[in-house]
Amino acid sequence: GDLSRAWTPEHLKSQNDALKMGTNIVLYASGRTDLRNRSVSLDPGVPDVTPLAAVPIARVRYAGNWDPEPGAWPRMAKIVRLGTNLHCDVRPVAAASLDVHRTPIAHLTGTDAIQLSSNEIAAITRFVDDGGVLLIDVCGGSKAFGESVQKQLIDPMGIAEVLAGGSPLFDASAPGMLPLDKPRLRSFSQTQKLTASDHLLHVHHGQGDIIFTPLDLTSGFLGTNTWGISGFEPAHAQAIVQNVIVWAARQSARIAPTSEPTTTPTTMPILQ
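The opening residue of the sequence shown carries number 1123 in the working numbering; numbering runs sequentially from there.
A few of these clues could be false.
Computed cross-link-like contacts, DMTMM-like style, restricted to lysine to aspartate or glutamate with a CA-CA straight-line distance of at most 20 Å [unchecked claim]:
hint, residue 1, residue 2
1, K1273, D1251
2, K1265, D1277
3, K1200, D1189
4, K1200, D1211
5, K1265, D1211
6, K1200, D1165
7, K1265, E1355
8, K1273, E1283
9, K1304, D1293
Now the in silico label distances, taken between C-beta atoms and shown as ranges [as the list claims (entries may be wrong)]:
hint, residue 1, residue 2, range
10, G1287, S1219, 32 to 40 Å
11, D1277, P1169, 36 to 44 Å
12, Q1237, P1301, 35 to 43 Å
These aren't lab readings, by the way, just hints derived from the structure by calculation.
The beta carbon of each residue, even a glycine, is placed where N, CA and C say it ideally should be.
Make the full structure from the sequences, and use the hints.
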């Protein structure tokens, strides 16, 4: 039937369930936070200037829900471009085909427990050994995915240490980097009695690094406050990932600058 008709004043008493449903929809979509002004667009736009450099980023593909939020990376790439003038060349890459010479940065996410093959684990390990930066988050905050990844990838590579203020990822003075000193969680995460202080972890293995969080980053790329997600607030999730990209890009000699920009960049110099 016409649900919105049931929300009119003359039907409020007789259509109480419809009113409750409408209330639940609003609370779920807004995440029980302040509503965004309707004039604020979720499309960050892209500056009309030549990017300083292209940063190849692999979306790790495996047998499972490897791409739970298809709109996340297209929007995140725009945010990074707007904040740093770096072009994120994001592409899906099979886990067994990861190659640091082609994509020095990789992102792995999911919602369910996964079982990687021995070839996939070997390729991911080699990617990190050879100097790659692997970012892993748990889309939606799914414990099953986080625990399976920790068992198969993180624990065998070393002891995960909590990233703190002394980490280069927290150096907001570097061009293109954002402050991370005050981590912020979504409202739903706080109902789960989670704290943000110990949920960003680092493993150094061989010549490379793993940045891991058992909380959600991916949904945060969308800029929405949907209820039911255990993760960082969208703006903080975006800042974490932008810092990882800038830090990893500046470390990699394989990321070459494009031609000189036509206008003066606002945030960071050409990568060398």
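Verification of the supplied hints:
no.	hint	in the structure
1	K1273 with D1251	holds, 18 Å
2	K1265 with D1277	holds, 16 Å
3	K1200 with D1189	holds, 18 Å
4	K1200 with D1211	holds, 11 Å
5	K1265 with D1211	violated, 29 Å
6	K1200 with D1165	holds, 8 Å
7	K1265 with E1355	holds, 18 Å
8	K1273 with E1283	holds, 16 Å
9	K1304 with D1293	holds, 13 Å
10	G1287 with S1219: 32 to 40 Å	holds, 37 Å
11	D1277 with P1169: 36 to 44 Å	holds, 42 Å
12	Q1237 with P1301: 35 to 43 Å	holds, 38 Å
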